[in-house]
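Peer 1: Residues per chain are reported as follows:
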Amino acid sequence: MSTMTETRAPARTGAEPRRGRRPRLPYLLLIPAVAVLLLGMGYPVYWQVITSLQQYGLAQQFGQPPEFVGLTNYSAILTDGYFWTVALRSVVFCLVNAFVTVAIGVGVALLMRAVPTVVRIILQVGLLVAWAMPLVAAVTVWKWLFDWRTGVVNWLLTQLGASGFDGHNWLAQPLSFFLVATVIIVWMSVPFVALSVYAALTQVPDEVLEAATIDGAGPTKIFRWIIVPMIRPVLSIVLLLQIIWDLRVFAQIRLLQDSGAPVRETNLLGNYIYELGIGRQDFASAAAVSILVLALTIAVSWPYVRSLLAEDRS
Amino acid sequence: MSIATPSAVGRSAPARPAPRPSAARARRVAGRVLASVVALVVAALWAFPVYWMVLSAFTPTARLRVTPPSFWPESPTTSNFSGAVTGTNFGSALKMSLAVTGLTVVAVLLFAFLAALAISRFRFRGRTAFVITVLVVQMLPAEGLFIAQYKMLATAGMLNTVVGVSLFYVAAIVPFTVWMLRGFVAGVPADLEEAAMIDGLSRSQAFFRITLPLLAPGLVAAGVYAFLQAWNEFTVALVALPAESAQTLPLWLRGFLAASANRGVDWGEVMAASTLIAIPVIVFFVLVQNRMTSGLVSGAVKG
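Just so you know, the sequences run in chain order A and B.
The opening position of the first sequence corresponds to residue -10 in this note's numbering, with each subsequent residue numbered one higher.
The opening position of the second sequence corresponds to residue 24 in this note's numbering, with each subsequent residue numbered one higher.
No lab work stands behind these hints, which were simulated from the structure alone.
Be careful, since some hints might not be right.
Claimed, not checked - Going by beta-carbon spacing under 7 Å, a handful of chain B positions derived as facing chain A:
#1 P72
#2 L158
#3 L168
#4 Q172
#5 F257
#6 I305
Unchecked claim - In the DMTMM-like style, the derived pairs of lysine to aspartate or glutamate whose C-alpha atoms are separated by at most 25 Å in a straight line are:
#7 B:K174 with A:E264
#8 B:K174 with B:E97
#9 B:K118 with B:E267
#10 B:K174 with A:D155
These numbers were taken from a predicted model, which means no experiment stands behind them.
By construction, the Cβ of each residue, glycine as well, lies at the ideal position given by its N, Cα and C atoms.
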């Protein structure tokens, strides 16, 4: 509130044009946002940079001052085979999920274009309802669907004649664990992709498609040579966002691990950081892995940031 | 659906001089019907888990434990809900969620609105730097920061407090809401305000009577977005609110499932608990989703 009154005060003084003469006002308006970002984001990043260069273990927990050790923590992590296992697993998991999500999302968007309005609205409502599910509730429901004893999935597979699914525990094996995680993440992410791509598809003029049909182009050719080039900007942004979001998957894995999954074989980067920091109180290593993850995220997100920046300039 | 299909084809048919109209037409109708069937199956697949959650919430647990499962309501009951609500800590978790979400929404709206005014109404030195910061910060994953955030709160003695966890929520949500509101503020021409001032209103009168009402839809959308983020958040809450008495609803739901697992999960109660958390969110979400989608990819659409 105090900022409100501060910022109002200079504004009330007169009717002079807002640009030029009052250069202080925009800075005053930014104070609260900048302060909260510095405190909530800036300081944690700073703390992690410093801590990742220090020895910070149990001894420091008991009051011993941390010792500057340079890049030792980083070299320890980068020579640790388990870190690379987790990193590779995270990247593969991220790419598989992102591409599967975008492929299904584009398919659903094309479907929305191909069906009558009533069907399209039913489809949109179905997608919206799934998209709206809070993450923890969604994972909980999927655990119930995949429950080994009375879950619908095992029952359905058994009914369909697949053997060995009666009482099958999906979350006990890493591979089927990640299959379940992928199903959940794809289910949660497809609605955003489908609705965004559909919005882009509505911008493709019907006349162009009709002209192509008259010229003898089949559906595959139309898709490849007309639709994809026209919706490419949206496609690439949606794919990039999926990659960024799937790289940070933590909660879904953490919640699925609760059901007795092998933690070490199912950790992704976020879970590894959690285990290092909260579990083992090894803050130096946790900070170093965090910095690596942040650097990776910024590198991957840079094209998206640039495209938004271009939008701001226009 | 079967009524809509032929008429839609009929409308576009004259534009297409096909050599054998009847065969081509039949193929198109068949294609459309097939697409409709696939679309309905997809809709059912995506809606089913939500339907299953609500259905299970109203089904007696004894019925949930036997096969084959029932896909329609059978002797519906509300006892699962009373079981969930009277379970440990539901009341305190609800209070905690409301407090954290309320504080976050108010702070986000105020801070983001002021910042959005600054960057959409003024050109000033450092503006681009601020915009870049906002864009980069909104990309930073909570998982890359939460150890430091945990440590920071622990050092300050603010673990398990509303203010502590809200600080990180506000910092995480403000960037995207600044971006969202920037579009809304830019959409209200400054000339409008100036015209009102020429007509005799003071600067602040013009702002409150002309600009603010026009920004109301944007503020509502941003507020709902902040609500959804704070209400659903799990990762930061997990580290910032370790005490059971300080849990928010998502943490409570996780604990409720874990507690239930000790005596063979009572899925009816767990689904009732999930439903309680999900329903307000689904309602709000459906109201605001249009705005959020266009915010994320608007640059690309204009492209």
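Peer 1: Hint by hint, say whether it matches the structure.
Peer 2: Hints, one by one, checked against the model:
Because the smallest distance between the Cβ of B:P72 and any Cβ of chain A comes to about 5 Å, under 7 Å, the interface hint for this residue holds. Given the 7 Å rule on beta carbons, the hint for B:L158 holds: about 4 Å separates it from the nearest Cβ of chain A. With 7 Å as the threshold, the beta carbon of B:L168 comes within range of chain A, its nearest partner Cβ sitting at about 5 Å, so the hint holds. Hint status for B:Q172: holds, given a least beta-carbon distance of 5 Å to chain A, under 7 Å.
Given the 7 Å rule on beta carbons, the hint for B:F257 holds: about 5 Å separates it from the nearest Cβ of chain A. A distance limit of 7 Å between C-beta atoms decides the matter here; for B:I305 the minimum to chain A is near 4 Å, and the interface restraint holds. Taking the CA atoms of B:K174 and A:E264, the gap is near 14 Å; set against the 25 Å cutoff, the hint holds. About 50 Å separates the Cα atoms of B:K174 and B:E97, which puts this hinted pair outside 25 Å; it is violated.
Using a Cα cut-off of 25 Å, the hinted pair B:K118 and B:E267 holds, with the two alpha carbons roughly 13 Å apart. Only pairs whose Cα atoms come within 25 Å are accepted, and B:K174 paired with A:D155 is rejected, the gap being roughly 45 Å.
Consistency with the previously given hints fails for numbers 8 and 10, ordered from lowest to highest.
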